[in-house]
Amino acid sequence: MSRVCILGVGSPSGDDQAGWLTVDALLDMGIRTGDGIVIEKLDRPGSALIPLLGSTAWLILVDAMQGEGEPGQIQRFDQTDWPHHGHGLSSHGLGVVDALMLAGELGSLPPRLDLYGIEVGGTTPGSRPSRAIRAAATRLASMIADELASSFSNPPGIARG
Amino acid sequence: MTESVRSMSIHVPVLARVEGEGALDLRIDNGDIAELRLRIFEPPRFFEKFLEGHHYTEIPDMVARICGICPVAYQVTAAQALEKLFGVKLSRWARDMRRVFYCGEWIQSHSLHIHLLAAPDFFGCNSAIELARVDPEAVRRGLRIQALGNELMDLFGARSVHPVGIRVGGFHAAPSLARIKETRERLRAALPEAEAMIRWAARIQLPPDDQAFISVALRHPADYAIESGAIAASDGLLIEAESYDAHFAEQHETHSTALFSTYRQQPYLVGPLARLNLNHDLLPDGIKALLVETGFTLPSRNIFHSLLARAVEILLALQEASRLLDDYSIPDSPWVPVTPRAGVATGCTEAPRGLLWHRYEMDADGRVINARIVPPTSQNQGRIEEDLRLSLMNFGLDQPDDALRLHCEKVIRNYDPCISCATHFLRMRVERT
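Chains as they are written, first to last, in our numbering: chain A, 1 to 161; chain B, 1001 to 1433.
Pulled out of the complex, with its shape left as it was, chain B reads as follows:
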């Protein structure tokens, strides 16, 4: 039998159904991948520089503007870092409500990604509009769940886009009992819907894939880590946020305006599947039973399980929000007083797309001297390229061009890359005469 080899190039000029602007170049020479580059060319962002000189009281609202989908992650991470530096001890109420607020963001972001961005791939559809023709009830259910996530964000943040509820020391205000009661009822009513969504997601036929990769996520001794925890890796690493730089590195690549992150010189995975891989033992028993019923075995080495992982985390977030709002009462004060001090603040939380790390050097007046923010998509960028290489080899480079292109897009969408958050690097040319 003669094995045919070929040379070709694929250029996907604009990646659809991902956030921000990126492109993919693939060149195959004589049946081998000669070049594969995920190019991010969205104009660079200057948020870290913007923050310099600003007072700590402004930081939560400023960093919320980095992302329209995961503003709570940025706010909570910044507040957590600064509270640690300033020696602030949050009230139990504020700690719990931060987790509820964050659950709202997971619910809306995950539901949006599952139903509007990723699922169409697995039903042979080009868009959610086409998917709505094929499976309207699944899309309706997804939109209902997403709306509930938005409602939770609005409840604590006064609005679901760029919310303004968080302050260093707690929240600006506490929602009324009447509003909490309404939301609590809707959360409970949504639990069976989320279980049905997991069963639906588990029935989706996924491409077979088996890759060795390192998962990195927060780990908390008692809870499934969302808004707090230590940084863990699947090779046994367990460190505090302060030690991040000793183990993780960021570097520029010429083809991208985002930074690439590595752990021990290797790409790594962050996000829902990495979290489940590391923390599935901390899931509530009911969810564990549901995973057994659906045959979802963890840890998983198939990145296409990311959609199902998001569905599982939606149910977890609904349960957590419902549990924490059960005994809700209005606190004497939703915040505690804060006295700034000079030093270095670091914090990390689990944004919907994965680990989010912040570092602020502060002066004695509570103003930012410099800031560094490492978002999840830049951490996943190296893993996406590695995954594309391996996935394409598994898929078969002799597949038709359109099939290869679609497969690449499917792989990238598994990571739900939020490229607007990830873009950091300015490529600058200076000419002097």
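For reference, chain A alone in the conformation it holds in the complex:
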């Protein structure tokens, strides 16, 4: 079991890369898989997210969100918020929140779970992410790195030297 698992969810569609960009920014800061940390990018995992949840003590999950805010706005979701953000289930369309709620019913959630959303704008397939999203991903990566540093005397996975 890993101490921390960081998952960036996205797709190659413009701002929908927000989760992937956050992972890239963490890698740029020297945070790597190994020594108790798993860091991965996922492409719309659907229910395949659920098996990943049971093997970590602390899951940090970053996904794009579409709300009413400005692109680049970062929001952290409590578990009590999840039911308001599920979209229902279809073959192709099991969203992150739906998968988390299903995992919750199955008792498969990790002891600690931090879910972050980055408000996105355009999600045209194949387009590049906007500047606001790239900046938000860097900002969120810094927040996550600070939280890792303050939670552990020897933060996992941070390359030193």
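It is worth saying that the hints were derived from the structure and are not from the lab. Note that CB positions come from ideal geometry on N, CA and C, so glycine has one too. Take these hints with a grain of salt, some might be off.
In silico DMTMM-like links for lysine to aspartate or glutamate, alpha-carbon gap of 20 angstroms or less [stated by the list, open to error]: (1) Lys-1410/B to Asp-1025/B; (2) Lys-1049/B to Asp-1365/B; (3) Lys-41/A to Asp-1154/B; (4) Lys-1181/B to Asp-1327/B; (5) Lys-41/A to Asp-28/A; (6) Lys-41/A to Glu-1151/B.
Examples of chain A residues toward chain B, derived with CB under 10 angstroms [to be verified]: (7) Pro-45; (8) Gly-46; (9) Gly-122.
Knowing the structure of chain A, use the given hints to seat chain B on it.
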């Protein structure tokens, strides 16, 4: 006794727990169904047009993008059609591994449908999340089996969504022995779980239903047809893919952007129940015994048996994959060379949702001149409407509106319609001044 009759209309604006976008309109006048229409209004897809001018080497990866759930079906069907035209003889290894790859897709698609989409209906639940409260072990088991299907797809396709492993002539690469060994062990371990799932599915109380319909599916002389076979129907038809157009027709209906298919001017059923109805004699003996034990008698005229049929096919696919990987070895080459030629290529396989038929007209350089793809959901669309009429009459039109609505949704979900694959038709208005 006075029999009450009523007039009402039901409109289900968005069908939940089906893929893509569709809607259902039902109008009852004086106790009779005056109008029943399954409307598909997802924006039309242009894949067949996209394919024109593209080289045969690109086709498997392009058609994989038609569906995120059944990409292997599209890839295998396209490759099969083109290999037939080009006179390619696949190696035994490639033939077997195509079947294993396809089994992975059946396992993941069927398991997803059973546990996340269809089963909640039969437990009085609105979603799989609610079902997980009622029967968490069944959902956990379903997710484990689904993950194994994804693993098989990833093994041969490099990823489970829009895999890229297939090429005309075989596969791009052969998985390592170490990975095959791991997967093989997991497949064997899953067999008892799949048997337990069949027993669980067989215990589900289903609405009684008895309808006469024509089943259409591939039939192979030796195996339960998945990736190859001739097209068979329950009235005795047995034809090769090339003769499809002589027996089946597609036409537009104004209320839908998908095409409606007919066989001898009648709707027909494709998919797991149609396959079992036509091919149950080719099931392995162990599965036949399990069906006897559970009391599942085939052929079945109750479309609500579709969920159980999917469970049976999951066990079959696990057994087949396990059997074919038993003597796995790395081939000298996972593909054979291909030389294109001009002509018409046709192919068909059994996608998780039913018969999938492709036709490509190719030029001498191996480029597509035109393409036609007939997916399972468009073939089932007419049958769904017919089924809804009959099911509602059986169910009783005097039932409360909510009960009627739920019953209609249950009926539609039996077919696991994948509307994004089925949408073809562009309704276009041109104004000229």
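Status of the hints after comparison with the structure:
| no. | hint | verdict |
| --- | --- | --- |
| 1 | Lys-1410/B to Asp-1025/B | 15 angstroms, holds |
| 2 | Lys-1049/B to Asp-1365/B | 18 angstroms, holds |
| 3 | Lys-41/A to Asp-1154/B | 16 angstroms, holds |
| 4 | Lys-1181/B to Asp-1327/B | 10 angstroms, holds |
| 5 | Lys-41/A to Asp-28/A | 14 angstroms, holds |
| 6 | Lys-41/A to Glu-1151/B | 18 angstroms, holds |
| 7 | Pro-45 | 9 angstroms, holds |
| 8 | Gly-46 | 8 angstroms, holds |
| 9 | Gly-122 | 18 angstroms, violated |
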